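Trainee: Residue numbers (the working numbering), protein chains in the order written: chain A, 10 to 254; chain B, 50 to 296.
Hint data in this document are derived by calculation from the structure and do not stem from the laboratory.
Do not rely on the hints blindly, as some may be mistaken.
Claimed, not checked - List of simulated lysine to any residue pairs, SDA-like, C-alpha gap at most 25 Å:
hint	chain 1	residue 1	chain 2	residue 2
1	B	Lys147	A	Arg132
2	B	Lys157	B	Ser216
3	B	Lys147	A	Asp153
To be verified - Derived DEER-like restraints, expressed as beta-carbon distance ranges:
hint	chain 1	residue 1	chain 2	residue 2	range
4	A	Leu136	B	Arg262	40 to 50 Å
5	A	Asp123	B	Arg214	22 to 32 Å
6	B	Lys147	A	Leu136	19 to 29 Å
To be verified - Simulated coverage check for chain A against chain B, where a stretch passes if three residues somewhere in it have a Cβ under 8 Å from a Cβ of chain B:
hint	region
7	92–106
8	116–123
Values in this document were obtained by computation on a predicted structure and should not be read as measured data.
By construction, the Cβ of each residue, glycine as well, lies at the ideal position given by its N, Cα and C atoms.
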Amino acid sequence: MLLSLQAISKRRDDSATRMTLDDVTLQVGRGQVVGVFGRSGSGKTTLLQIAAGLAAPDSGAVSYDGQRLDRLSSTERLRLRRREIACVWGSRPPQRGLSVLDHVQLALLVDHRDRRDASRRAREALLACEAEHCERARLEEISDGERQRVEIARALTIEPKLLLADSPASNLSIVEQETIMRLLATLARDAKVAVLITAGDAQALIGADPVLYLSGGRIVDPHGTRQGGTLHRFPGRARLAAADG
Amino acid sequence: MVERDDGDARTVTATTLERPQARALLELDSVSKRYESVSETIHAVEDVDMSVRERELVALLGPSGSGKTTLLLLIAGLLRADGGSVRFEGRDLASFTKSEALAYRRTKLGFVFQDFNLSAGLSAQENVCVPLLLRGVPHGEAHGRARASLAQVGLERRLTHTPDRLSGGEKQRVAIARALVGEPKLILADEATGSLDTETGDAVLELLAALPREHGAAVVLVTHDIRATRHADRVLQMRDGRLSELQ
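Input sequences plus hints: build the corresponding full structure.
Mentor: Encoded structure:
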């Protein structure tokens with residue numbers, strides 16, 4: 010497994026006893042898309058931050074490609090995020106004033122890559138994400154759906170081994186959600202990328218396998234779970250799995 | 050000269066807003082911008098004359114919705130005026146090709162936003178490097194200039210800090226360093242103290258006020274913070290899309 014989280018726990022910043030994550034275990038292999046859904050405040054973003062090495066768990070172990078991520082120095086973790094672990098944070102506002110192409114190639118430029126090569130790779134990534142038409146637009150000019158595809162394109166430019174996507178399809182139409190998930194599934198299948206994606210609702214995780222339910226910081230069995238008064242329906246191709254399943 | 054009594058302000062023509070003894074960097078002549086929806090037309094900016102001289106600090110006051118940000122976007126060439134002209138160093142922005150408009154923003158202007166507009170995954174130094182890297186400046190030179198720019202705003206010990214490890218005031222200093230690093234002629238600051246407490250906001254205002262003197266850049270400070278007027282060479286006010294100079 011490329012990414013392995015074993016018995017991860019993390020207390021809330023403002024509480025000695027309340028947990029953001031409580032004994033969470035999950036694994037993601039290359040070519041796999043693992044989905045985690047849960048309502049706001051359930052710990053999804055913290056889970057991804059820990060998987061990205063941006064936050065440390067209070068207990069448990071995070072392994073990436075056979076090494077303990079939580080034991081690496083901040084410089085080593087930064088290097089991994091620049092070269093191997095790509096993150097898409099759905100809730101972040103776009104950086105104003107940048108063109109789409111600038112935004113997508115920025116990670117490469119900052120990582121000392123050749124400017125021409127960075128532009129070429131950014132254009133290829135935009136094409137792969139069906140966002141090449143907005144290359145010259147500014148980030149604030151494009152639609153939410155386009156922006157999420159642009160964010161995924163930006164993540165692709167580094168040719169990551171692991172892609173962590175935090176609710177990239179929130180606030181998008183079902184058609185746009187399907188587009189995002191199709192992109193990620195293709196990426197996983199063709200480039201053997203390991204994908205861990207979160208969403209507020211399981212229906213936004215079409216094609217992910219397994220789909221895990223995070224509630225109150227714990228991975229729980231979702232059978233019989235009700236949200237908003239409606240029994241949750243899961244995508245046909247998705248298999249529900251407990252964390253250790 | 051036409052004057053209209055407008056309470057605490059006078060509506061005046063470009064003749065008085067301009068100081069003929071100094072060279073105008075930026076000139077707006079009868080600029081208008083309207084937004085149209087199915088049900089109404091909003092005149093966001095209406096018949097505005099304005100000029101900014103080199104090394105001048107102009108405070109632009111006005112309540113929310115008065116047209117301040119629209120005016121800033123027109124100056125930045127991010128919006129096109131429906132009427133009138135915006136000229137920078139004598140050139141009409143409407144005559145710019147798309148690449149010229151991009152070059153104008155990258156080389157002549159610096160931007161400071163209320164919410165800092167920093168890239169979360171990048172260090173302070175890398176954030177400041179961004180406008181240089183996008184202009185094709187080599188990495189070594191870009192990093193050196195970014196380091197110097199951060200030192201100028203007192204952040205030489207925060208080079209490797211990412212935004213989540215910086216205070217609000219420090220983030221705004223990084224944003225100012227980023228605006229400065231390309232040695233722009235004009236810095237556009239949109240509510241730069243809006244997210245800061247009083248003490249931190251005062252420090253940021255002092256920093257912005259020093260830019261004309263220490264870096265040779267003119268500054269347009271869009272704000273509803275009356276404290277900004279202490280530092281300004283001139284104070285303009287937007288109200289319902291119209292511009293006037295406070296006396």
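Trainee: Going straight from one Cα to the other, do Lys147/B and Asp153/A come out at no more than 25 Å?
Mentor: This hinted pair holds, its Cα atoms lying about 24 Å apart.
Trainee: Go ahead and decide if the range 19 to 29 Å is satisfied by the Cβ distance of Lys147/B to Leu136/A.
Mentor: holds (21 Å)
Trainee: The hint says 40 to 50 Å between Leu136/A and Arg262/B; measuring C-beta to C-beta, is that right?
Mentor: holds (48 Å)
Trainee: Holds or violated: are the alpha carbons of Lys157/B and Ser216/B at most 25 Å from each other?
Mentor: violated (28 Å)
Trainee: Regarding Asp123/A and Arg214/B, is the given constraint of 22 to 32 Å on their beta-carbon distance met?
Mentor: holds (30 Å)
Trainee: In terms of beta carbon proximity below 8 Å, does the region 92–106 of chain A have 3 or more residues touching chain B?
Mentor: Holds: 7 residues of the region 92–106 of chain A have a Cβ under 8 Å from chain B.
Trainee: Checking C-beta pairs, does the region 116–123 of chain A have three or more residues closer than 8 Å to chain B?
Mentor: holds (count 4)
Trainee: Are the Cα positions of Lys147/B and Arg132/A separated by 25 Å at most?
Mentor: Given that 25 Å is the threshold and the Cα spacing comes to 19 Å, the pair holds.
Violated hint for the displayed structure: number 2, the only one.
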